[in-house]
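Enquirer: As a plain string of letters, each chain reads:
2 protein chains.
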Amino acid sequence: MSRITIKDIARIAGVSVSTVSLVTSNRGYVSDSTREKIQKVITKHNYYPRQSARTLASGRTGNIGFILSDFHFSGSEFFYSRVFLGAEMEARKRDFYILLTTVGDSFEPPVDVPRFLKGRDVDAVIIAGTVPKELIEYLHELQLPYVLVDFRHPSLKSNLVMIENYTGAFEAVTHLVEYGYKRIGFVGGSSFHSSIKERFRGYQAALRASGLEKAAEDGSFHYLIEEEATSQIGFDGMIDLLDRGSNIDSIVCGNDTTAFGCLQALKLRNKNIPEDIAVVGFDDIVYANETDPTLTTVHVPKLEMGIQAVRLIFDLIDHPASNLQSRIINTELVIRESTNGSISESGESS
Amino acid sequence: MSRITIKDIARIAGVSVSTVSLVTSNRGYVSDSTREKIQKVITKHNYYPRQSARTLASGRTGNIGFILSDFHFSGSEFFYSRVFLGAEMEARKRDFYILLTTVGDSFEPPVDVPRFLKGRDVDAVIIAGTVPKELIEYLHELQLPYVLVDFRHPSLKSNLVMIENYTGAFEAVTHLVEYGYKRIGFVGGSSFHSSIKERFRGYQAALRASGLEKAAEDGSFHYLIEEEATSQIGFDGMIDLLDRGSNIDSIVCGNDTTAFGCLQALKLRNKNIPEDIAVVGFDDIVYANETDPTLTTVHVPKLEMGIQAVRLIFDLIDHPASNLQSRIINTELVIRESTNGSISESGESS
DNA sequence: CTGAAAGCGCTTACAG
DNA sequence: CTGAAAGCGCTTACAG
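Taken in order, these protein sequences are the chains called A and B.
Numbering (my numbering) for the first sequence: 10 to 359.
Numbering (my numbering) for the second sequence: 10 to 359.
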């Protein structure tokens with residue numbers, strides 16, 4: 010019982026193979042009556058074209074590559090797996106598959122080249138988060154459409170889907186200022202990641218805008234380290250800031266994971282949150298609403314990032330000559346207990 | 010600049026296309042000298058066969074489908090995304106791609122059939138976690154090799170990768186008994202999920218084995234609900250058990266997410282953990298080590314589950330006639346603060 | 001151990 | 001608007 014092919018459909022419908030192809034691929038002109046007749050046969054026999062044959066004949070694969078660093082996938086899965094989910098949902102609308110792969114810290118062709126690039130098994134590539142810049146350069150030279158999500162190469166012009174990191178952090182600080190906090194610190198890991206950098210800049214700008222130059226400029230308010238943004242860093246950073254005597258009354262964190270470490274450190278030191286020290290995260294991953302106290306944070310619509318990345322990819326595929334694009338995803342401050350003691354406790358989960 | 014093909018390699022190496030194919034696919038007999046000569050040309054020109062051509066010619070796709078419920082992917086991503094990662098790592102070893110897709114709560118062919126099944130774009134399928142049983146039945150009829158991970162169809166015989174749910178829960182209870190707890194409750198959502206059911210059975214068996222029949226049999230010690238295992242369920246269940254006056258001194262939870270809800274409820278009711286009530290989770294997701302107190306739980310090696318699933322798939326592909334297999338993954342109890350007050354607080358993260 | 005040739009199931013100019 | 005035919009880049013019996 011071999012599977013039904015386009016030939017069978019053509020024979021049964023009494024038309025040529027070419028015409029069936031025109032119908033299944035939804036291109037070219039086919040009379041309504043012919044189209045209908047063919048469509049009926051296709052539905053009846055549950056025909057579905059083989060992707061491999063299409064790819065071989067057309068040169069288009071119908072696949073999008075999705076590259077993530079090992080760390081992001083196994084560590085920060087809470088963030089990027091949702092970006093991936095959004096991408097997957099959007100890709101499905103046009104019958105594209107997403108091929109996921111991870112890359113390590115270093116990138117040396119040809120060994121580290123993702124297999125779907127070697128085999129040219131994708132029409133375009135999405136890169137999410139931090140990756141070695143050599144990989145981006147490699148992609149660039151490949152002439153394959155690609156978009157960077159939540160990351161940028163310092164010198165290369167690329168299609169981008171970015172978060173309003175600057176504005177998000179700005180609003181976080183403004184919120185603290187409105188609540189009367191004045192000695193606002195910053196803890197962040199992985200400051201080589203462009204997003205964290207932007208957040209720090211937004212933080213500084215907001216402080217200056219509020220006349221709090223001291224916190225903005227004084228290094229004793231900041232703990233920045235060139236490592237992945239783990240909760241360990243938040244813990245270490247918080248302890249460090251407390252011990253350095255900058256006497257902060259609140260803290261903005263590079264992301265939620267870092268903020269979790271801050272919460273732990275504050276509990277260890279018997280600080281009340283938010284009375285002694287208020288805490289703000291960034292990302293709004295699921296667990297931000299499960300900590301004790303729950304975490305005020307900057308919400309990032311992760312699904313939307315994946316969706317926009319795929320839409321941008323489709324744009325590039327459909328219009329190869331189009332200009333570079335940047336799509337900026339808005340953030341939204343979510344106020345919870347870690348900055349607002351008056352929010353009543355509840356068992357609600359997201 | 011069109012890409013290099015097998016023909017080019019053959020021409021340059023001075024051999025036939027067939028021989029090159031024998032080398033790239035690593036099958037059949039080729040003399041060492043010929044093989045070496047061809048390999049050199051391949052390396053020099055960075056040749057990599059096109060998957061689509063291979064698939065079309067051979068009938069093998071080199072892809073494995075991975076099906077996950079929408080809920081599991083977007084909600085319990087902490088668990089199954091690691092299973093996926095393990096599968097991806099293992100698949101890569103044999104140059105297979107994994108095509109991920111999600112399915113909803115209901116399954117009605119042909120609309121809900123994953124596209125990679127319609128298009129026969131996969132050689133085998135992994136199903137992780139709960140899915141509609143109609144989907145499993147559909148796969149069964151398709152004659153496509155498949156393995157179920159952490160789930161089973163009530164009546165269908167399938168290849169399985171399962172967790173030691175029963176034993177894991179048994180050990181969790183035994184641990185509590187050893188620490189002197191006697192009135193041990195159970196909170197679990199989604200008891201239609203076979204894993205949670207097994208855990209409950211292991212819990213009951215351990216109680217009986219310890220002479221604690223009362224807790225095992227008495228419904229006032231249990232909160233079981235036919236819903237997805239969210240933290241909300243843990244919260245509601247804990248409150249319910251406290252109010253029902255079964256006077257429990259400890260609780261075993263269907264999974265970690267549920268346990269997080271229990272922790273919240275206990276805090277709301279000003280119970281000390283573990284002095285008043287000890288809490289044990291199941292799964293050991295990353296955040297089990299970030300809660301306050303950190304969560305004692307049954308560690309499940311998630312990467313290993315994905316790896317074993319793919320190895321089982323390869324077995325099925327290589328030996329189509331092989332018998333059904335079940336691979337059982339061992340668990341390990343991880344003792345943290347929620348059952349052991351003496352563990353010192355620290356900022357360590359996993 | 002190696003080569004010639006058919007064939008996998010589509011798409012795509014090109015005619016008509 | 002529709003059809004005949006070439007061709008995409010491999011694998012696979014089949015000979016030798």
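Read the hints as simulated data drawn from the structure, not as lab findings.
Just to be clear, a hint being listed does not mean it is correct.
[Stated by the list, open to error] A short list of chain B residues far from chain A (calculated; beta carbon distances all over 12 Å): (1) Arg36; (2) Arg124; (3) Leu126; (4) Glu146; (5) Ser164; (6) Gly228; (7) Arg320; (8) His328; (9) Asn332; (10) Ile338; (11) Val343.
[As the list claims (entries may be wrong)] Each computed DSS-like pair below joins lysine-lysine, with the alpha-carbon atoms no more than 30 Å apart: (12) B:Lys46 <-> A:Lys16; (13) A:Lys191 <-> A:Lys102; (14) A:Lys127 <-> B:Lys46.
Heads up, the beta-carbon is just placed ideally off N, CA and C, and yes, glycines get one too.
Enquirer: Run through the hints listed earlier and report the numbers of any the structure violates, in increasing order.
Expert: 2, 3, 12, 13
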